[in-house]
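Assembly of the complex is requested from the two constituent chains, each provided in isolation within its own frame, with the hints serving as guidance.
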Amino acid sequence: MTATESFYHTPSPPGLKGIWAWLLTQDHKRIGLMYLWAVGLWFCIALCCGLLMRVELMSAGRTIMGPEVYNSLFTLHGVIMIFLFVIPAVPSIFGNFFLPIQIGADDVFFPKLNLLSWYLFMLGAFLAVASLFLGEGFPDTGWTFYVPFSLTTDKNVSLTVTAAFILGMSSMLTGLNFITTVHRMRTKGMGWMQMPLFTWSLYATSWVQILATPVLSITLLMVIFERVFAIGLFDPGKGGDPILYQHLFWMYSHPAVYIMILPAMGVISEIIPVFSRKAVFGYKGIVLSSMGIAVAGSLVWAHHMYTSGMSDVAVFVFSLLTFLVAIPTAVKVFSWIATMYKGAIEMTPPLYLALIFIYLFCVGGLTGLVLGSAGTDIHLHDTHFVVAHFHFTMFGGTGFAFFAALHYWWPKMFGIMYNFKKAYIGATLAAVGFIFHYVPMFILGMQGMPRRYYDYLPKFERGNFLAGFGGFLLVIGIILMFYNLLMSFRKRQVAPQDPWGGTTLEWSVPSPPPLHNFVEEPKVKAYPYDFSEVIAQAQNAQAHQESEK
Amino acid sequence: MEKKIDKTGIRIGMWLFLYTEIILFGGLFVLYAAYFHKFPELFAQGGEELNTLVGTVNTVVLLISSFTVAASITALQRGKKGQTIAFLLFSIFCGVVFLINKYFEWSTKFHHDIFPNSETLQNGPDGLNIFFGLYYVITGLHGLHVIIGMILLMVTLTLVMKERVHKDRFQLLENAGLYWHLVDLIWIFVFPLFYLVI
Chain A
1 MTATESFYHT PSPPGLKGIW AWLLTQDHKR IGLMYLWAVG LWFCIALCCG
51 LLMRVELMSA GRTIMGPEVY NSLFTLHGVI MIFLFVIPAV PSIFGNFFLP
101 IQIGADDVFF PKLNLLSWYL FMLGAFLAVA SLFLGEGFPD TGWTFYVPFS
151 LTTDKNVSLT VTAAFILGMS SMLTGLNFIT TVHRMRTKGM GWMQMPLFTW
201 SLYATSWVQI LATPVLSITL LMVIFERVFA IGLFDPGKGG DPILYQHLFW
251 MYSHPAVYIM ILPAMGVISE IIPVFSRKAV FGYKGIVLSS MGIAVAGSLV
301 WAHHMYTSGM SDVAVFVFSL LTFLVAIPTA VKVFSWIATM YKGAIEMTPP
351 LYLALIFIYL FCVGGLTGLV LGSAGTDIHL HDTHFVVAHF HFTMFGGTGF
401 AFFAALHYWW PKMFGIMYNF KKAYIGATLA AVGFIFHYVP MFILGMQGMP
451 RRYYDYLPKF ERGNFLAGFG GFLLVIGIIL MFYNLLMSFR KRQVAPQDPW
501 GGTTLEWSVP SPPPLHNFVE EPKVKAYPYD FSEVIAQAQN AQAHQESEK
Chain B
1001 MEKKIDKTGI RIGMWLFLYT EIILFGGLFV LYAAYFHKFP ELFAQGGEEL
1051 NTLVGTVNTV VLLISSFTVA ASITALQRGK KGQTIAFLLF SIFCGVVFLI
1101 NKYFEWSTKF HHDIFPNSET LQNGPDGLNI FFGLYYVITG LHGLHVIIGM
1151 ILLMVTLTLV MKERVHKDRF QLLENAGLYW HLVDLIWIFV FPLFYLVI
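Chains as they are written, first to last, in my numbering: chain A, 1 to 549; chain B, 1001 to 1198.
These are computed hints drawn from the structure, not numbers from a lab.
All values derive from a computational prediction rather than experimental measurement.
Just to be clear, a hint being listed does not mean it is correct.
Said to hold, decoys possible - Part of the chain A face toward chain B, derived, beta carbon under 10 angstroms:
#1 F110
#2 R184
#3 P214
#4 S217
For glycine and all other residues, C-beta sits at the position ideal for the given N, C-alpha and C.
This is chain B alone, in the form it adopts within the complex (with noise of 0.2 angstroms):
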């Protein structure tokens, strides 16, 4: 039995789901409020440690990536499929290029002895521990986060390329990008949090 697409419906659903995974990282958010009002210093102190800049590019690419990932959503109702194409690797690729500069940024601290139960941070003042063990956390967990919106691309990727999503049919396109879009919204309260406000 063939039934019309009922396109508002699987919206409505995609975004019941993003609704949870913000309430998810809300979650950590109420952490990161609650021990910002038990060490407001140490907060700041753990915050100058941490490399702006690193974050700032980090924050850009993930920007252009949206951007683009949502020009490949309109280049794909237009029918262009080699367009398409091209948008959706050029994300991937920032999302790569996110997580390597995500890997340095961590192994920069690791060297210098700033990690989950290093010596460091035991020994050292209770609020920087808690700082950093919520840094990790919730970068940790938007990494992989953006690793499961990579996958999702790549997926849509090789349906676009078997024409299984097409014109008529990019639902699916649109849903991967809408989670790109979350990912980036993410990274959009983690940023100011932890490398700006501080």
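Pulled out of the complex, with its shape left as it was, chain A reads as follows (with noise of 0.2 angstroms):
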């Protein structure tokens, strides 16, 4: 064995063939990749739960489902999405893979925890499956499973609950992985100003993880008690209060879409600047915005509920935080787009989709402050407006972030290149036939038509049609996105080991990585945006073919 072979041909352990290699493999890259295809499977479900909801709406009526199908298929749609998709996809997949990269590190700190994340994850994902079959159905209750109702529908609630339990575990460990090896793993001369910012990103949110998850753990614990023993402790026949419930969820589940988004900027901030050949404007600035946005975030929880009935102040002093952390996101933002400013742009998918990810982020992230004051939350609350809205922000925003880093890390994590063309055609049409999905559910929402209905007056006909064939083009165009990279398989374009030219610790490593990563000791920047080398080189190398003619 060479020292520069690829992790992928580097010798089984012994008594370890074949699929064991990978099923208990140690090592975070490989792990990276058992991610990869298990949220690459749940995306591609929840994205059909999610057309099949449209084709539904498109017309009033029944269309292709009943009522209770639709229920069962929403909740289906936003568990997976949630807990299966947009937390962990980032994180997880390309966390796993180039954290300990870019930190020149040889794995995360405790690998046999990363496993064991990893076999947490399937077993949760394979729980929330099984109770689509086991018991009375799908429950449908919707992702939040709110009491009291979820107490009280004969669904199997209980079990989808544990799921989420062992999910929210599964991403609390990588949490803790990422945050010890952060901290003790680092390469020597790397000082915490010389990370790059995909790692500090994944920092914050480790710690966010951290901080909310166990919160959530304890509330969803509850839930299953309630269900098992009826104790009473959120039904007000008895004493208890679901206003509380709703408070204990959402001091989680705020704080868990900072969870969703902050490693989405990180991969945006890591490319932004590669394609700019220019130094990130103000690097400590998004430091301090994602630590920023970590603490701001698990402070405004309750504009979940300004209409269940809190006190007045209450609601002020929450619209007000709310309001808070726009500042750290702006700042992201305007330091995003100062970075391209003057910046010598080279055009290729992943700046592509990183423009698309800025472009339908601010129109989420505007439309929040729609909704996080009070007075307008109070008119559009629970519409199709917030359905777009989230959507703008996490699937406009972490998922579009999630495509920018598959183009992004390809050639580095498989050592192949894909075609250009197509995945500009893919992005395209994606984005097209997003703004087109979703737009007309802002007006619908501001119109008036609620959130999770399965039936609609007929006014309303018109926008939900349009919305579900912008739908249809928007699968379209991440289908034709992942077929472009999966035929990058058969056919085998070498990529080269740093083809963007970008700087980060991860490029100075053979394509795909070798086992130990690093084949020698990792020189670390002074700066981990320091584009002068690429510049001279790109240079020297127009001036060499200028001279051959």
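What follows is the structure, encoded as structure tokens:
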């Protein structure tokens, strides 16, 4: 075995052949890839659920399914998308794969725990699906499991909640692992302010995970207790208070929104400087805003509950805090744009997707302010406006950042290059379809169409039809993107070590990386986004070409 | 590839995990606070029905076991295997005593028709129902943690006997000990909330 041989070809440990060499691996790169295939599969399933729902809503009345199937379907779509795709996608796949390489380490600090996280993830996913077929059928509560409905429905809520509990455990362990890795395993000479921004964003995310997830765990446990023992902690008939459930639930689930978006922002912060050939504008600002979002984002949970019956003071305070989160978020967006200003921009599919991210995420963020102010929220609460808003941030944000990350790191992970033209077409179709899909929902919401409803008044029909049409466009675009990436395995076009001119440590190792990540001691730059060498090399190459002519 | 063990890193990981456990119980304490604010008198009435003596005995038992776990770590670091095993066995024994005590306490309550969804609580005032609901949930979850802690100590004990955990590799024992201290710590909060304050 040569030192540069990739981790795909490293000899299996004794007694571990074929599939077991993967299933029992402790290598962070292999675990990252195992997450990739699992998460990708779930994403496709949840995408199908979403599309089916939209087909049902394209015309009023019953189209292809009954109301009960519809209720189960949106719960399934929500649970899978939130717990199995949006939360784990970027940190588990790209975080596992690249965090150790970016800080010049061999592996994460607890490799066995890392493997355990993957198994917990798979167990949770399996239970979530099993609850579909066991008992009285799939839960119809929506992914929030609001009491009292989740306590009284005869569907198999207990099992789904257990699944969510296990998934929370998995994400918590990953967070714990990352924090310890960042603290203890940075290579010699890498100070805190020399860490790549993606690593920084994962670090901030991990803290949110550790801070918030246990609150969800206990809330879900209590739903289980309530269903089994009927204690009445949230049952007003027995002295309990359902609003308390909502507080506890959102105390996790709102910070979870930042678990979803922070790593995505980290990805964008990597991509923008590389393709602008310019040091990222305001490195420290981006770092601080990551931590700022982590802190401020933990204080705003009750903005989901303006209409639930809180005191006016609480509504005011949470509205104000919600607006504060916009500041660090805007710092990031302005930094990205300032980075591109006067940069030598090279257009590639990752940058293209990153730009789509910025656009869609800004729409999502700004409509978030509409919902964050109590006055307008009273009108728009639980309408399709909300649906459109959080899909713009979650899907237009995290989803597209995931696609961008996939296109950015694909050559590094597999050592092969994909077709650019197909990637552009796929991304464009997806983005256009996305806007077509969700903008009508903003209008529907303002007209008063509630979310989660199976049927609607005739006046909403045109908007819903347009949204369904956009949905098809979106799905076709995504399929094209995935098809293009998968086709790269067939037409193996070998990728160079550093196809984009990146400066962070993962581009200094062969693609795909060797088993122990680094063939030689990693050289840490004084500043991670220093492109002077890359530019000098490009200029040399150009001068060389011209002299040959 | 044999690496040097990074003791500090292992400790950081364990402390972060313990932190999540505290937040887990934190959620329940928040509920306690909210409902105490809502039904102060009934919580006081519920508290009087709990047996302070049993609670005190359990507190003492846990504190002693915490001490012996700490002693076992020191013994291991000094290379005294026999002492380590003895201290660990005693700690596990304390855990058993705690659980037996809890069993009798709970079954007395059950005998008096005080348990979740029982008729006395259903027909009684709401606050009392919530108080005992929380009592069972919190002490039950704590009891579960006692059991997990005991399993952890037993696993460590076996590994100490097999010399897989020894003088130069005591991290597992240390972390198991930390977990046991956590179980103790949470009880230190649970005990006054239910037995003493009111």
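Now the hints, each set against the structure:
Because the closest C-beta pair between F110 (chain A) and chain B is about 6 angstroms apart, less than 10 angstroms, the hint holds. Against a cut-off of 10 angstroms between C-beta atoms, the interface hint on R184 (chain A) holds, since the closest Cβ of chain B lies about 4 angstroms away. With 10 angstroms as the threshold, the beta carbon of P214 (chain A) comes within range of chain B, its nearest partner Cβ sitting at about 4 angstroms, so the hint holds. Interface restraint check for S217 (chain A): the shortest CB-CB distance to chain B comes to about 6 angstroms, inside 10 angstroms, so the restraint holds.
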